[in-house]
Every structure is written in structure tokens, then in C-alpha cells.
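J.: What follows is the residue order along each chain.
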Amino acid sequence: MVPAEETILTNLRRGALEFCVLAMLTDEELYGLDIARRLTVDGLLMSSEGTLYPLLTRLRTAGLVTTTWQQSVEGPPRRYYALTPDGRDSLAAFTRTWPAFRDAVDHALDRRDLP
Amino acid sequence: MTPGTTHPLVAAYLEELDGLLAGIEPRERADVMLGVREHLDGALGATGGTDQEVREALAELGPPQLVANEAYAGRQPATAATPGPTPVMARSWVPVVVAVLTAVALLMAVFIVSSMGSVVSSSSSSSSDANGVITQEQTSEVLAGSPLIGSLAALMTTLPLWATVAVLVGVSPLWVRREKVIAILLIPAAALLLGLLPQVGWWLIGANGVYGGAWAALILVLLGGGAILTRSTRKAAARVHHPAA
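Residue numbers (my numbering), protein chains in the order written: chain A, 20 to 134; chain B, 909 to 1153.
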């Protein structure tokens, strides 16, 4: 990928990625590695797994997620992330705002393509 | 600690990341480190993984700088709202002062040793002229003593500068442990090199070796020392947290 595209993606992710994480936690609690693996599947939402952890720290500091230690079968206990009520509200607000924003960007880009 | 985080590559990665996170709040820093450590434990399993697996897991995590950038990027709005005090020793003046003091100390060491070195070579040549037969014993004695005296003089003269550099680098969170050792050893190593290389040249080649050794030491200290200093300063400066940047 050319550097310009990677820079654009980095900037785009900054506003949207934390809500993708919140959305993943809507129905289930997940641990860090699991979230990282799901987000890096296509390399679009996240290209380096490590950048997830500052983001999760941020969500936790903001009170949008909580963590609990849970025993795992294979190894040491894992920290599972869960949505807080604030996190749920925040996700709902983003979900309401996003389609209009996305359409506006699409619209602006389409107009540029017109002769 | 579990096997996953005891691999040398993992330890080096975690140490570098921890150093890069020096500018963020300790609790957040610990939280990020815990997350990454746990991630590696999970990715590498109870056995700790092979070298190849460790490399792949670290590659998937991405460079520590990228992770640190994300940590700082996310903090900007919060820090802009409530500008938390940057720790005194993590501020931007620290690498600058360290760089200037080290550069001055290196130049002083070069000046002192080279000025004493010229005395050495002239005295050795005059003694060989004057004393004829017992030349070798005398010249070798002169050369054996003086270069190290030059080193010693350089060490003594640069001591205040070196001590200041050592304290600043030792205390500041802007350097990780390995870089601290290199930054602190730079001045004494340069002084020793400047004194010892002409001596080594003498042992190997003779009188011409003294000049060869002196020039080699000069080039090594100015170019090599300069390069090390530049890299160390750049790295440290990159870790200074600019809330507005």
C-alpha cells in the first residue's frame, strides 16, 4: 500500500475504530487478542494489532468499557472487555450519526467526479 | 511472568515500547503495557513460541513507535482540555542540553588528548636524537605513559560535563536502559579511545602507528561519537510529549 493511503486510513480510523470496537462488544465480552484478530482480518480497520491497546485504554479511561479477569482453559487469566451503559449510549449516538456522515462524504466525492 | 514475555525479542520490544510511552500517565501506560503483554502471552501460548513465531507475533503487533503514536494521538484532546504537567525530566530541553554538553565534552577530550599527544611525539623524537643507543627503552616509556595521561586529563577535565550528562540521562525517562548506558559511556569511552589508539598504533607499527592511531581515534570519536550522539538525541527528542503536536 502506498504511504498516502496508509496515512489516510490512519486518520479515518481515528474517528471510527473505537466505535467498531464498541460495536463488537454489543452482544458479547471479548478479550484483547480476540478483538485484535477480528479487526486485522482485512487490514482495513486495523493494520497493526498493537495499536488496539492504547485505544482500549482510552475507552476504559473514558468509562465506555470495563474489564474483568476471567479464567481461561488454555493459559493465564484473560481480561475481558464489556460495554458500560455510557459505552452503549456512545455507540448508539455514533450509529445514528454515521450513515448521514458517510452519505455526505460519498456525495461530495461523487460530485467531484462529475464533468 | 509467563513464558510468552521472557523471550529476549519480546523483552526488547516491551522495553522499547515502555520507554516510548514515558510521556503518558503512569496508569494508562501500565494499562497499555498490560494489554500488549497479555496479547503476546495469548498469541505465543504457554510454551512461549519459537523464534519464528515470536517474530511473527511482534510483526503483527507493529513497530513500538506506531503503538506509542496511537497512545499519544488519543490523548491529545484530553491533554488539550486539561494540560497535565509533563515530567520535568521528560521535557524537550533535556535531550538538547545532553547533546550540547556531550558534544562540548567530546571536543574538549579531542583537544586535550591531541595537544598532549603532540608533546609526546616531539619528546620521543628528540630523545631518540639525543640519547642514541638507549632510544627504544626511553621512547617506549614516554609513549606508554603519556597517552593514558592524556586520557586521564581528558576524563578529569570533562568530569563536570560528564557527571551532568550522566545524571540527566540516568534520571530522564526519555532514554531506555540500553540507550542510557551508551549515552553515559560515550564521553569516557571517547577519552580512553583517544589515549589508547595511538598507543596501540605504537605497539603494532611504531612511530607512524602513533599518528595512524591518533587519526583513527580522532575520526572515530568525531564521526562515530557524533553519529551515536545524533541518534541518541533524535530518539530521546522523539519521545518528548508535545500536547499540541
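Calculated directly from the structure, the hints in this document are not laboratory data. Fair warning: there could be bad hints in the mix.
[Stated by the list, open to error] Not close to chain B: a few residues of chain A, all C-beta gaps over 10 Å, as computed:
| hint | residue |
| --- | --- |
| 1 | THR45 |
| 2 | TYR72 |
| 3 | GLY94 |
[Claimed, not checked] Chain A side only, calculated, beta carbon under 10 Å to chain B, not exhaustive:
| hint | residue |
| --- | --- |
| 4 | ARG57 |
| 5 | LEU71 |
| 6 | LEU75 |
| 7 | THR85 |
| 8 | GLN89 |
| 9 | GLN90 |
Glycine residues also receive a C-beta, built at the ideal position from the N, C-alpha and C atoms.
J.: Which of the numbered hints are not met once you compare them with the structure shown?
T.: Violated: hints 2, 3, 4, 7, 8 and 9.
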